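Student: Protein sequence lines correspond, in order, to chains A and B.
Numbering-wise, the first sequence is residues 2 to 367 according to the numbering used here.
Numbering-wise, the second sequence is residues 2 to 367 according to the numbering used here.
It is worth saying that the hints were derived from the structure and are not from the lab.
Careful, some of the hints might be misleading.
Treat identical chains as interchangeable: a pair holds within one or across any two.
[Unchecked claim] Straight-line C-alpha distance at most 27 angstroms; calculated BS3-like pairs for lysine-lysine:
hint, residue 1, residue 2
1, 329, 43
2, 160, 43
3, 182, 142
4, 329, 142
5, 14, 142
6, 160, 329
7, 14, 329
8, 160, 9
9, 43, 182
10, 9, 329
As the structure is a prediction and not an experimental result, all values here were calculated from the model.
Protein chains: 2
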Amino acid sequence: MSRFWNEKTRDIKPYVPGEQPPPNSRLIKINTNENPYPPSPKVIGAIMRETGLSESGGREETGNGSRLRLYPDTNASAVVEAVCERFGLEPGQVFAGNGSDELLAFAFMAFWDDSRPVMVPEISYSFYPVYADLFGIPLIKIPMKNGLEIDCDAFESGKGGIVIANPNAPTSIGLPLTRIKGMLDAHPDDVVLVDEAYVDFGGESAIGLVQEYPNLLVVRTLSKSCSLAGMRIGFAAGSAGLIEGLNRIKNSFNSYTLDRLAIAAGAAAIRDREYYDNINNRVMETRERTAASLREIGFEMPDSSANFLFVTHPRYSASEIFSYLRSKGILVRYFNTPGIDNYLRISIGTDEEMETLVAALRDYVA
Amino acid sequence: MSRFWNEKTRDIKPYVPGEQPPPNSRLIKINTNENPYPPSPKVIGAIMRETGLSESGGREETGNGSRLRLYPDTNASAVVEAVCERFGLEPGQVFAGNGSDELLAFAFMAFWDDSRPVMVPEISYSFYPVYADLFGIPLIKIPMKNGLEIDCDAFESGKGGIVIANPNAPTSIGLPLTRIKGMLDAHPDDVVLVDEAYVDFGGESAIGLVQEYPNLLVVRTLSKSCSLAGMRIGFAAGSAGLIEGLNRIKNSFNSYTLDRLAIAAGAAAIRDREYYDNINNRVMETRERTAASLREIGFEMPDSSANFLFVTHPRYSASEIFSYLRSKGILVRYFNTPGIDNYLRISIGTDEEMETLVAALRDYVA
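Next up, chain A with everything else stripped away, as it sits in the complex:
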């Protein structure tokens, strides 16, 4: 506490991200849904070029990093153009930002306020309530159905904007597009924000609905499916009015939030679909094998459409399993939150990492 803080700063309860151990620790790190495979070689090439290094690795005669002395493109147009090409959108329908968290923050700032409430699932990304608090937006938490499912009917009949993750986190459950359409149809005058951080691991994307629904904002991140958590790149797709709203807020907050290397990396990643389809298919295969092995030893979980599993065991405490795994050098995520405090969220690592995890859990339940 400091006497210099304003009321908001005193009252806010900041989001707490998952633990980030030092890069050289020997932990099996399956706690923050990072991709176990490296980014595309084309991403590395793009970073080298923007840094002023030639493709072969040598420093170029001219340049040598000299572009880095210049401000980046305020619109991150290279990222926007790559998104447009891939999804058949116009530049005015796409916004690029510093990770999907920044996009979410700008969206909460742009579209809702104390007179415009927003609905979120009771169990979802725990940053949503923090944004609502930070910007003084009334938040309506819609209770889950059957334990872990998003209650779409309740969202349709409720009043206010909508923010949902699809697939949802930490539950891993994906909603069919028909249910997203239902929400969009039921709320023509409210923004419906669909956070698709995990959609590339088997979810149904709403991005194709952007032309049809002016109230739809789809938010994506390159952190997970493009193996670029370290580079902070996200984008949003929506009608020109929504995108202009995000730009008005961004340009009143920080004119350049993506640096030159992030822009170069992001554009290259979005374009290299073949590489990423390949590694993400591997992640999904590993997920299915891991799920089967865990079910064999008594774990229960919903079918996952994401790059993680959300597991519980009828006979063992999740918090105790968490501590046991930590002692074995395996880091997973545990949320001490009512309703999910006997679950663990386990990111999908390499096959080898998941075999080590399954072996450790087999020992534990034996």
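Starting from the structure of chain A, add chain B where the hints point.
Tutor: Just chain B now, kept in the frame of chain A:
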């Protein structure tokens, strides 16, 4: 306009940054105060290492960008530690962010609100009033003294927090440290934010006062004096209470705003004082030569403590000179703002660029 925008989004007047022509344009770009010299070779080396490339430029057997798949350090500790070493501070007294603009945004969010007004100089960085608007903070513009000078007495006797740039922009005038102390002493219960974006070009820094004044927040950027505008890195130094306040806001907004390559680049830049002292001394020498040449042909300007000159000519219109220079391929900055609408802000480029500028202006006035 969109019906989905909230009142704030409808009303806000976003900041308009200086024009950023494409990197390959042949313009002499002296409009946004970038450093004409490239970043330190050690910065390039740090970027290569974090990307997974060996120092010699080849790709390493292991790694190959694989760190980029992992989230960065949420505290950007490598940057914080470099700042601490250089200025003799503790980690709790330093905050790293996505350019000084993000730091300013977080500070406005953390320390002021509708019940806590803030004072700014009438002529200063035009983003300050945008932040005040965005966050609903009453703004008091303190009129300038003798045309372009900050009226320190008025700041001392006024009520509210203080945000000033020192050296000020776009005027280029630096205040002595005694005047900053005067403001700090006069406002023990208000935050005094000193934006030192340009201090490395001859200003007096207040960073040594951090231990003494719990109400002082010094904000710095690596964009100008570290030739890293393209990488979006800034830092703030202040008492532990102020820094914790910034962290509470950041962690409620976006947990990671500096990516891995920005963190690596920033830490390396702050540590390579020798390289940067050398290039910034060159910038200051070029500035003095340019100022003398421009005065010879009738331009008037305050003595500059920054990497730009703020010039006016008693016989010619600044907006016409701006257009003339544009037609000659020279891009400077013109602000169509009452009080300074007959001035041009000219960033200091290389000697060759400034000679071209002076020759063009000599033709113009002849």
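Student: Of the numbered hints stated earlier in the document, which are not met by this structure?
Tutor: 1, 2, 4, 6, 7, 9 and 10
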